[in-house]
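Full structure from sequences and hints, please.
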Amino acid sequence: QGHTAAIWAVKILPEQGLMLTGSADKTIKLWKAGRCERTFTGHEDCVRGLAVLSEMEFLSCANDASVRRWQISGECLNVYYGHTNYIYSISVFPQCKDFVTTGEDRSLRIWKEGECTQTIRLPAQSVWCSCVLDNGDIVVGASDGIIRVFTQSLERTASAEETQSFENELSQASIDPKTGDLGDINIDNLPGREHLQNPGTRDGQTQIIKDNEKVEAYQWNVSERRWIKIGDVVGSSGATQQTSGKVLYEGKEYDYVFTIDINENGPSYKLPYNITDDPWLTAYNFLQKNNLNTAFLDQVANFIIENTKGQTPSTSAELSDPFTGAGRYVPGSSSGTSTTPAADPFTGAGRYVPGSASNTEAPMGEVDPYTGKDAYQSDAAKAENVYFPKKDAVTFHQANPTQILGKLKELNGSATEEHKLTEDDLVFLEKLLSATCNTSAETPTAQQLQTLQKAINWPE
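Numbering (our numbering), first residue to last: 1 to 460.
Wrong hints could be hidden among the right ones.
Claimed, not checked - In silico BS3-like links for lysine-lysine, alpha-carbon gap of 25 Å or less:
no. : residue 1 : residue 2
1   : K420      : K29
2   : K214      : K229
3   : K270      : K454
4   : K252      : K214
5   : K210      : K270
What the hints assert, rightly or not - Cβ pair distances, simulated, as ranges:
no. : residue 1 : residue 2 : range
6   : T39       : D144      : 49 to 59 Å
7   : I456      : S165      : 51 to 61 Å
8   : Q450      : N168      : 17 to 27 Å
9   : T436      : E57       : 13 to 23 Å
10  : R35       : S153      : 41 to 51 Å
11  : R35       : E306      : 52 to 62 Å
12  : L154      : V79       : 44 to 54 Å
13  : T422      : R156      : 39 to 49 Å
14  : R156      : Y269      : 33 to 43 Å
15  : V10       : D203      : 29 to 39 Å
Think of the hints as simulated: they come from the structure by calculation, not from any bench.
Quick reminder that beta carbons are idealized off the backbone N, C-alpha and C, glycines included.
Written out as structure tokens, the structure reads:
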């Protein structure tokens, strides 16, 4: 079956008589003799570009800000993240598997061995297309109607006047603070121009400074050992990049993407967060993902709470469900000293408690939970029901992990691709089941608990 939306990329593999197409339907298709032989799924948004690595491998880029490396057989080998917005084009260097990408974040990015090693900003919002020439030079076309060529060759480098003209144009550009590269922008806490006397720690590092009432962005150039101005940050007075709208990070949109520096000379880390998320669970997942000491848990969680400026939905700290962020249900509890009946955690209405009454002085205040009127009860019925409401968690003292896992695999087989658990996920769940059924087993790992969280969020 063919694509169901616009086709934005085509590549030919002449040795095998194959053709690849990328589409706005989020898929890539492999064609032979006019027939669709295979469909590649994985991107979460429109596929914008394709590049052939070899007879057996190719690359794709998409609006989900990711690059994927595929085998012709259908397997996704790697996913690369670096851009903070749509990626429009991808091109491979000759005689190797290194490549370049361009996108909506004003950048040309150079990738070597799967890592983004250099970021070149351009004075145009959209860098639409790119091409790597046989001599290794990189040609890009942008939304300002200009084609630019970048080279490593000293013989082909532009004159000092042309280079200075490019830098001047770049420095006059306006940067939308919603781009995820710039970290948190609070004009009151920014360093001054004197901070540019300190050298950067890596090529492409971005530094934001305050010059009087202006906020300027600079990028560190390792080869020239200097900071180059890449534009003025607009709309940053008293605001942050995140308050202006959603930020794209690793193919997903977030309300906030914080930049965390653990130490001055070490790498920085990105911390994505939505205001509906639980700060403590987000902090825990962040530390686990980056192999950081969990002793930082309180510090990171409080950082999130402090920097979201009260936008997190208000919940009682002591009654907060760490997974849903909502208030957890505590049977028999109520707010403060209020005598208001506790709420049903499922319906939100007052829960029915046998033997209770709205007026504690009335001896016969039993209420029908369906009609709201006084209910007739015999003397035998007035005895407290020990089965309802259930005030304790229901546990199973015995379980058959083999049957449980078998049912999970059965349900997983009928799940959609986007919700299907991988083989590794099923292995984690099997180990978690074993640990749960055996009280002497080791404590479940964070990875096992994350897989469980993924499994219990299956759609109904």
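Against the structure, the hints:
This hinted pair checks out: K420 and K29 have alpha carbons roughly 21 Å apart, not beyond 25 Å. Taking the CA atoms of K214 and K229, the gap is about 13 Å. The hint holds against a cut of 25 Å. As the CA atoms of K270 and K454 are separated by approximately 22 Å, the hinted pair is consistent with the 25 Å bound. Distance check on the hinted pair: K252 and K214 sit about 31 Å apart at the alpha-carbon level, beyond 25 Å; violated.
Under the criterion of a C-alpha separation no larger than 25 Å, the hint pairing K210 with K270 is consistent with the structure, at around 22 Å. Against the hinted window of 49 to 59 Å, the Cβ-Cβ separation of T39 and D144 comes to about 37 Å, which falls outside the hint. Separated by about 58 Å at the C-beta atoms, I456 and S165 satisfy the suggested range of 51 to 61 Å. Between Q450 and N168 the beta carbon distance is about 49 Å. The supplied range of 17 to 27 Å is therefore violated.
Roughly 41 Å separates the CB atoms of T436 and E57, a value that falls outside the hinted 13 to 23 Å. Between R35 and S153 the beta carbons are some 45 Å apart, a value that agrees with the proposed interval 41 to 51 Å. For the hinted restraint 52 to 62 Å between R35 and E306, the CB-CB distance of approximately 58 Å keeps it satisfied. With their beta carbons about 36 Å apart, L154 and V79 fall outside the hinted range of 44 to 54 Å.
T422 and R156 have their C-beta atoms about 47 Å apart, which keeps the hinted 39 to 49 Å range intact. Distance hint check: the CB atoms of R156 and Y269 are about 38 Å apart, consistent with the given range 33 to 43 Å. The given range of 29 to 39 Å is respected by V10 and D203, whose C-beta atoms sit roughly 34 Å from each other.
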